[in-house]
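> Build the full structure now, drawing on both the sequences and the hints.
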Amino acid sequence: AQSVTQPDIHITVSEGASLELRCNYSYGATPYLFWYVQSPGQGLQLLLKYFSGDTLVQGIKGFEAEFKRSQSSFNLRKPSVHWSDAAEYFCAVGVNTGNQFYFGTGTSLTVIP
Amino acid sequence: NAGVMQNPRHLVRRRGQEARLRCSPMKGHSHVYWYRQLPEEGLKFMVYLQKENIIDESGMPKERFSAEFPKEGPSILRIQQVVRGDSAAYFCASSIGFGTDTQYFGPGTRLTVL
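Protein chains in written order, with my numbering: chain A, 1 to 113; chain B, 1 to 114.
Hint data in this document are derived by calculation from the structure and do not stem from the laboratory. Wrong hints could be hidden among the right ones.
[As the list claims (entries may be wrong)] Simulated crosslink set (BS3-like; lysine-lysine; CA at most 25 Å straight-line):
hint, chain 1, residue 1, chain 2, residue 2
1, B, Lys51, B, Lys71
2, A, Lys49, A, Lys61
3, B, Lys44, A, Lys49
4, A, Lys49, A, Lys68
5, B, Lys62, A, Lys49
6, B, Lys62, B, Lys51
Just so it is clear, the structure is predicted and the values come from calculations on it, not from any experiment.
Here's what the structure looks like:
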């Protein structure tokens, strides 16, 4: 069965520090991978996606993610975090059959001055 | 191009009442998805619809829940005889195509059952 794991429930970083949010998936075929961000009381905004090709994907707001097939991972990174990045981050896997997206439980990011 | 619209944004119902949640997809999108987000959890898929058809409802509870996407008008998620456990945020997403095309999410409807 497909599943998505975000092992870090909550992360705190200082403003200006680098960030890496982990995401591991379980799926038999090549997955379609997404990162979404959710601000409090808001819907989900797409940060970036991976379908195929270059395994390093650039997204909005200075985020990037790298697909590593051997590790079944799609970790999200940002070299320098801004206070406005504080939010909930969700990794999702798109399954080619059933049109379902499977979401991780999310990582809550706190940014301290 | 307006994004995915959902209304109401907040809905309060007493146990036993009906809740109707509406979703208007992005212009040009004919695929709609509903997700439920319980507190402190990720989103869980409920149902996938195209115009006038339910394609996949494997994530929808068998009783009290129904969804439709008529030829004209928004998609509706209907919850009959609500219970406290139905309190959650319900998100709608839409996409241009099927399969794993990017899904764009609405702001959600936060349902509170008293």
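> Are the hints correct? Go through all of them and say.
Hints, one by one, checked against the model:
| no. | hint | result |
| --- | --- | --- |
| 1 | B:Lys51 / B:Lys71 | holds (6 Å) |
| 2 | A:Lys49 / A:Lys61 | holds (14 Å) |
| 3 | B:Lys44 / A:Lys49 | holds (19 Å) |
| 4 | A:Lys49 / A:Lys68 | holds (14 Å) |
| 5 | B:Lys62 / A:Lys49 | violated (32 Å) |
| 6 | B:Lys62 / B:Lys51 | holds (21 Å) |
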